[in-house]
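Residue numbers (the numbering used here), protein chains in the order written: chain R, 1 to 146; chain C, 1 to 88.
Where hints are given, some of them may not hold.
[Said to hold, decoys possible] Some chain R residues near chain C, calculated using beta-carbon distances under 7 Å:
{"#": "1", "residue": "H80"}
{"#": "2", "residue": "L115"}
{"#": "3", "residue": "K116"}
{"#": "4", "residue": "K123"}
[What the hints assert, rightly or not] Straight-line Cα separation of at most 20 Å, SDA-like style, residue types lysine to any residue; simulated pairs:
{"#": "5", "chain 1": "R", "residue 1": "K86", "chain 2": "C", "residue 2": "G88"}
{"#": "6", "chain 1": "R", "residue 1": "K123", "chain 2": "C", "residue 2": "D68"}
{"#": "7", "chain 1": "R", "residue 1": "K123", "chain 2": "C", "residue 2": "L11"}
{"#": "8", "chain 1": "R", "residue 1": "K116", "chain 2": "C", "residue 2": "R58"}
{"#": "9", "chain 1": "R", "residue 1": "K123", "chain 2": "C", "residue 2": "R58"}
{"#": "10", "chain 1": "R", "residue 1": "K123", "chain 2": "C", "residue 2": "R35"}
{"#": "11", "chain 1": "R", "residue 1": "K116", "chain 2": "C", "residue 2": "E64"}
{"#": "12", "chain 1": "R", "residue 1": "K123", "chain 2": "C", "residue 2": "S15"}
{"#": "13", "chain 1": "R", "residue 1": "K123", "chain 2": "C", "residue 2": "E18"}
{"#": "14", "chain 1": "R", "residue 1": "K116", "chain 2": "C", "residue 2": "Y65"}
{"#": "15", "chain 1": "R", "residue 1": "K123", "chain 2": "R", "residue 2": "D37"}
{"#": "16", "chain 1": "R", "residue 1": "K123", "chain 2": "R", "residue 2": "A31"}
{"#": "17", "chain 1": "R", "residue 1": "K123", "chain 2": "C", "residue 2": "A19"}
{"#": "18", "chain 1": "R", "residue 1": "K116", "chain 2": "R", "residue 2": "S2"}
{"#": "19", "chain 1": "R", "residue 1": "K116", "chain 2": "C", "residue 2": "P75"}
{"#": "20", "chain 1": "R", "residue 1": "K116", "chain 2": "C", "residue 2": "S57"}
{"#": "21", "chain 1": "R", "residue 1": "K123", "chain 2": "C", "residue 2": "P31"}
Derived from the structure by calculation, the hints contain no laboratory data.
Note that the Cβ used here is the ideal one computed from N, Cα and C, for glycine as well.
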Amino acid sequence: MSVRLTDRAFTVAGAMRMLEGPGLGGVVVFAGRVRPDRGRAGRVFALDYEAHRAPALRRLAAIEREARARFGAGRVVLWHRVGRLKVGEISVVVGAACAHRAAAFDAARFLIDELKASVPIWKTERARPVRRPRRRPGRARERSTG
Amino acid sequence: MTRRRSRVVILLFASAREALGRGTLDWPVSPDGVRADALVRALARTYPRLGPALRTSRFVHNGEYLHDLSTPIRPGDEFAVHPPYGGG
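Use the sequences and the hints to build the structure in full.
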């Protein structure tokens with residue numbers, strides 16, 4: 001069982017190690033990263049993740065059990081960060097190791113969809129206003145005549 | 001101790017916390033407690049800014065999802081407001 005809700009960074013390589021096992025020939029890992037989205041508040045430079053820890057861990061464990069039962073996953077990874085994450089940092093890694101690829105793809109899809117829909121984790125965007133350079137009329141005229 | 005026993009701890013997350021500017025409330029209740037739906041109505045009356053978040057939230061009572069809003073919330077209990085989730 002590998003369920004984590006942590007303020008420490010993790011890696012896809014670390015998840016791959018957790019997903020090793022005899023006969024587990026199909027491994028699918030999904031990683032989610034913080035995007036530099038642009039919204040009304042400006043350009044996102046970070047996301048603050050928070051969780052209601054005890055219910056979140058219980059729900060993650062239940063999702064893991066269901067993935068094993070439904071898809072025959074021999075190993076499962078469900079890791080999520082909390083705290084402030086900058087653009088580019090990995091916020092979530094889920095993975096499933098099964099005997100064959102079809103079940104592994106289905107299981108990994110199930111893991112991330114269920115995590116997003118049913119685990120009490122929230123993110124809040126932190127953004128900076130985007131400054132637009134002011135046009136100086138004189139220079140604009142110079143360029144237009146050049 | 002006596003003071004804590006006559007109150008419910010309310011946990012606010014995400015949009016609910018941002019609406020109020022704080023993550024916890026110490027809510028006074030009678031020794032017999034209060035029904036969950038009455039507690040939610042009282043919260044919305046006292047803090048109108050919480051209204052939108054309360055309308056879309058799930059509620060968690062002592063760590064368990066609340067499916068029956070007639071459930072009594074008693075002094076010393078924890079009552080959490082969960083706006084729609086956004087992990088990933």
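To see whether the hints hold, each was checked on the structure:
With its C-beta approaching chain C no nearer than about 6 Å, H80 (chain R) sits inside the 7 Å limit, and its interface hint holds. Below 7 Å, beta-carbon pairs count as interface contacts, and L115 (chain R) has one with chain C at about 6 Å; its hint therefore holds. The interface hint given for K116 (chain R) holds, since its Cβ lies 4 Å from the closest Cβ of chain C, which is under the 7 Å cut-off. A hinted interface residue such as K123 (chain R) counts as satisfied when its beta carbon comes closer than 7 Å to some beta carbon of chain C; here the least separation is about 5 Å, so the hint holds.
Between the alpha carbons of K86 (chain R) and G88 (chain C) the distance comes to roughly 14 Å, so the proposed pair stays at or under 20 Å and holds. With a C-alpha separation of about 28 Å, the suggested pairing of K123 (chain R) with D68 (chain C) is violated against the 20 Å cut-off. Annotation: proposed proximity of K123 (chain R) to L11 (chain C) holds, straight-line Cα distance about 16 Å (limit 20 Å). Restraint check: the Cα-Cα separation between K116 (chain R) and R58 (chain C) comes to about 15 Å, which is no more than 20 Å; the hinted pair holds.
Using a Cα cut-off of 20 Å, the hinted pair K123 (chain R) and R58 (chain C) holds, with the two alpha carbons roughly 17 Å apart. Under the criterion of a C-alpha separation no larger than 20 Å, the hint pairing K123 (chain R) with R35 (chain C) is inconsistent with the structure, at around 30 Å. Distance check on the hinted pair: K116 (chain R) and E64 (chain C) sit about 19 Å apart at the alpha-carbon level, within 20 Å; holds. Simply put, K123 (chain R) and S15 (chain C) have alpha-carbon atoms about 10 Å apart, close enough for the 20 Å limit, and the pair holds.
Annotation: proposed proximity of K123 (chain R) to E18 (chain C) holds, straight-line Cα distance about 12 Å (limit 20 Å). Distance hint between K116 (chain R) and Y65 (chain C) is fulfilled; the C-alpha atoms sit about 17 Å from each other, no more than 20 Å. Of the pairs offered as hints, the one joining K123 (chain R) and D37 (chain R) holds, with about 14 Å between alpha carbons and a cut-off of 20 Å not exceeded. With a C-alpha separation of about 16 Å, the suggested pairing of K123 (chain R) with A31 (chain R) holds against the 20 Å cut-off.
A threshold of 20 Å between alpha carbons decides the hint, and for K123 (chain R) with A19 (chain C) the separation of about 15 Å falls inside it, so the pair holds. Among the hinted pairs, K116 (chain R) with S2 (chain R) is consistent with the structure: their alpha-carbon atoms are about 17 Å apart, no more than 20 Å. As the CA atoms of K116 (chain R) and P75 (chain C) are separated by approximately 33 Å, the hinted pair breaks the 20 Å bound. At most 20 Å may separate the alpha-carbon atoms for a hinted pair to count; K116 (chain R) and S57 (chain C) meet this at roughly 15 Å.
Restraint check for K123 (chain R) and P31 (chain C): not satisfied, since their Cα atoms lie roughly 36 Å apart, outside the 20 Å limit.
Taken one by one, the earlier hints fail for this structure at numbers 6, 10, 19, 21, listed in ascending order.
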